[in-house]
Amino acid sequence: MGADGVVQDIYIRNGKIIAKPASHEKISQTFDLAGKIVMAGAIDMHSHIGGGKVNIARMMLPEFQETKNYSEPEAHICTPNCSHHATPNTSDTGFRYIEMGYTAAFEPAILPINARQAHLEMADTPMIDKGGYAMLGNDDYFLRLLSSNADQKAINDYVAWTLHATQAIGIKVVNPGGISAFKFNQRRLDLDENHSHYQISPRQILKSLSRAVHDLGIAKPLHVHCNNLGAAGNFETTLNTMGASDGVPMHLTHIQFHSYGTEGDKKFSSAAAQISEALNRNKHITADVGQILFGQTVTASGDSMMQHLNAKLANPKKSVIMDIECDAGCGVVPFKYRDQNYVNALQWAIGLEIFLSVEDPWRIFLTTDHPNGAPFTSYPHLIRLLMDKSFRNDAFAKLNLDAQAMSNLTSLNREYSLYEIAIMTRAGAAKLIGLNDRGHLGAGAAADITIYTDQSDREAMFAKPDYVFKDGELVVKDGKVVKVVWGKTHTAKPAFDIGVEQGLKQYFDKYHTIQLDNFKISNDEIAEDGRGGIINHTN
Amino acid sequence: MEITQDNAPNNPSTTIVTCPACGLLCDNVSVEIKQSRIRVLNTACPKSIQFFEQALSDDSPKINGESTTLKQAISHAASLLKASKNPLFAGLSTDVQGFRAIYNLANKTNGNLQHINAQSMARNMAVLQSSGWQTTTLTEVKNRADVIVCIGTDIISHNTRFFERFVWLNNQKSDAMFTDSGKREVIYIGENLNTKAGISPDGRQPESVNCSKSDLPEILAVLRALIMGKNLKAQNVAGIQISDLIAVADKLRQAKYAVLAWIAKDLDFPHAALTIQSITETVTLLNQNDSNRTGRAAGLSLGGSDGDTSANNASTWLSGFSLNNDNIEHDALVWINSFNAKKLPEKTKHPLIVLGNANTKFEQTPDVFIPVTTPGLDCSGTLFRVDSAVILPLKKIRENNLPTLSEIARQIEGLL
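Each protein sequence line maps, in turn, to chains A and B. Residues 1 to 539 (our numbering) make up the first sequence, in order. Residues 1001 to 1416 (our numbering) make up the second sequence, in order.
One chain only, chain B, in its complex shape:
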């Protein structure tokens, strides 16, 4: 039993849980549990509140929108998969255990896999597989970073608590071992970014290089050239004074530990991988052996949700391959959205099976819908944090009658 709660139904209990709503996996969220109602107590993070406070609705499986028994739903799903030559298992919004079960089912059915975040993940994978990179993780950022550059992103739109948990620390409860957290320099490069979170506790404004998203490739190429030591003849690039970029380059060179952060999802323009590569190559140049250098630098890919980092890692150790974003031919679609009821499949002309969040409201009625547990709420589980270094257990915190995704996948597999 994972929850120590009083059995008296009206007596609420509180517990500390891990939040899977974004890639940060904050594991210090305090929730109050009263029967199946949950209230978040110690954070205003809207993603966290939306996740934990989602209602538990009708949990009956459906065939063509009509309630049915679990047995019949499983049997119908199995018959659709039997008739399919190459099903696509998409969405893949689940944890390690759920992914592993779906991976096995996909193998059994000649199926392919595609995560809901496949497009943005593919941008990072393209860089990793072409040149590699030099990166860091959140605890290193918290304890060492003295210069943080947010490239094409404000970070908080994806990772609400990034600055609160890892940048501006209150020094009493939370502190940095190797730098004065209040004196960190935050630099934004991009357009229409919410830079409020970058203001230091003593009111110091962050620096901003305001440029349109489409100019990021050029500006980052220039920044890389400056770090390489090239002399540029141009006075400005994409409307930005070169002197502004020289100032950024100087800060990076003088930093003890510079962190260059990006979120692949926010770099949504053609050939974005090349821009990510400009960032990672800038880091590599900053780390070159040079007796004049007094500091280090590291890249940091943020964002992440719907178990993308978990699915990608598990796919890699199970098959040898990371997930990709290939346009995959298929004749049946299996959609998995355990975490978020709002993540819907694209309209399809093929048979549609959904194994997902009980609250899902469909635009297209699936042939089969089997509500499954949400890891971290209805069942235990395991998730990777966005930096891939930390893997955390998720708890079951509310009573429910839902089956797990693994159970359903195994039962379907058993009928094939």
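Chain A on its own, in the form it takes in the complex:
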């Protein structure tokens, strides 16, 4: 643990990394990694890999698919229908991740009512471990509790019950209160503005949910998609949101989309400096960036309110907006980010400005909010942008000139080190989510290991590891999958008072359209076919 540039042997037994065995024990297989860069398997802590809105995106966009013939062993389970990287099918998702040395990815927006679909899709995603964050804060059960001044214990029990029922490892809130407010015809909701029906504010929702997550003792802090996503001037909402939890930890996700000012002729500017400065100061806040990269993609979000506003920018011109089950909603809008478009170019620069201005790599995470900012397959390119200043500045010089004039990116000289990349994509992500045996190479860790050849072209290096081991098995060699495995599902199941089900049952019977028991996903459902399995990270 904490090994930076240390040269040492690693021993694996039964899928785990172990201390050096006694001299009489036989070593059955040896890999010579002299001169190689060895890291734990990478962990994507925020990637839309499964569930309703992801599948709607695939369904709506057949033009994203292309046909490609796979070779063995991928051909065993991959169809000839290779997928566009913005909307990969489940097999593709697993294969493209493991090829880059990623061994886990977390779906950040599981609607509790739709959790069964998310887990079905993740079960069909090979090679990697997975898990997800359940969305609360726009569901009418919670909003009724909060608006009737229920005590914190009742909220805590409901949050814990949701983690169990949905087989999730964390809790997310998307546009706190806003998805619900949109169903009542509110079109925007700011941090201290009241929901028209419940007369409570996003700040109250954040305070209550962050407290619940903290009290329950799960590792993953409340995952927050702030109000006002994508809106010019939203950085003030983001800054104020940092103070909404009274110092209780929160994670602000895809913060790039929430760091916009209103300066300049076009009334759209970078607020990366203010946001980064606040992140550096507020030690209870973590964030992932949600970098955009240029090209065709699709945005799939629970934020029906803001995606409805964004639908006019859809490219190609189509979108899906849904109200879902008094639980949440979704909005799926295809986007094409262009480097000659002022706003897109500045979004690109804002993301990088944040990466380079946030000092602590343990509190900032590498994401593109796949597929919303860019497909996850662009991570090697993004890593090169962070590690290679001249490469970054060359790219910047090609941007829309008005956008260049509004960014200080070229004055930021920082280049990320390999060790910082390893923290941001491995150790930090594992610590944040609470995966104690992942993200490091110490004895006792799961043997999820990625081996690269050191190359000055960091994009080429991170795109194609020499070897990837998943739970001790060699699964990728020279960037190609050599063995198909299925990975496990990571969950957190804190203790709670089962009495919470009394109120829930009454509520379900009266207002919902399914039985409470059917809402809950059993362990057996996830472990079906003997392929999957659950790992519970609650102490």
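Hints may be right or wrong, so weigh each one.
[As the list claims (entries may be wrong)] Heads up, incomplete: computed chain B residues facing chain A, CB under 8 Å, no partners named:
1) 1028
2) 1030
3) 1037
4) 1128
5) 1137
6) 1139
7) 1320
8) 1321
9) 1330
10) 1362
11) 1364
12) 1392
[Claimed, not checked] Under the rule of at most 25 Å between Cα atoms (straight-line distance), these lysine-lysine pairs were calculated in the PhoX-like manner:
13) A:480 x A:16
14) B:1395 x A:505
15) A:16 x A:26
16) B:1071 x A:510
17) A:493 x A:505
18) A:318 x B:1230
19) B:1173 x B:1047
20) A:505 x B:1173
These aren't lab readings, by the way, just hints derived from the structure by calculation. Keep in mind that this is a model prediction, so the values were computed, not measured. Ideal Cβ positions, reconstructed from N, Cα and C, are used throughout, including at glycine.
Given chain A, work out where chain B should sit, using these hints.
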């Protein structure tokens, strides 16, 4: 074990089950189980009763109509598929697990997939893939809808319990959070619709715009134009007074939460997708940012059965593509009808393999027939509700010796 029943054979047990007979997936159906006989206790829904009370008949596999062993039937099916260059897997009436197994078998055999409801599903997919839509789900309808427009359908012919479960609530056991359910306005547009279910508990008649099916495209285009704010010179369209449609448009504009419902199967006329698009675009217009608007609107596609929504979703995540209705060349037909014995394959000149409901009575004797379990009756399973948002587990509720579709598909695959 999913059923808590007394082992004494004459002692009936009751349990609550999920009904896969239509897209609503009612999961509050109470059944009495006595050995392999099942009786539905708490609903008169004919679809539900027909499904749960179907007998368990001869379960032996057959080759050319003659009983044989399972092993021989599987081996013969495998040899027919080996000889085929491009088999078609059709019907696809099964759940998520069954579809996944058939999907794998189709990949292994260069096969194509076509669901029994492909034609009507394709109408919706055409709209989704050309413009998208703004839709809602059943719990939202139950709790919010104050105006419900049934377009070209009475809904209950497909979804018997729609009004009972989601529209007219008894307020004691079941209620709406944000509207007075008894005061909802129901409007029908179409011909020969059974509008009885649209009568409110206090006897208020629903509104009806009576028009022939073939006039729906024109009438819905006019309704969209009215919502867009266009002034029309015509006094009537397809025999309907424009003033009647203006009244409908006004109700939609004044609604807190208007729901525009359709069933793709009932819109069975040429270019029906364009009519569905008129509906979804009307919703989009109603939801446009406009400070004068005080409400919301949403589309609702209903109907659904034979696991169509499940197969379409699973196909989409497994392959990246939704199911389509292409006219597919094939040289062997594999028919899957796990849920309903009455769903038969079209007559074919090619080898025919049926993996399906044990009660199936054939018009054309298949080369191979392997009876398989019916999910929700003979085995557990998983199904998507018609709104795609809710996915429910199905239970095994009667003892049987049938293999599951997944087991058979895997065994055939193993011989290829």
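Hints broken by the structure, by number, lowest first?
As far as the earlier hints go, 2, 3, 9, 10, 11, 16 are violated by this structure, in ascending order.
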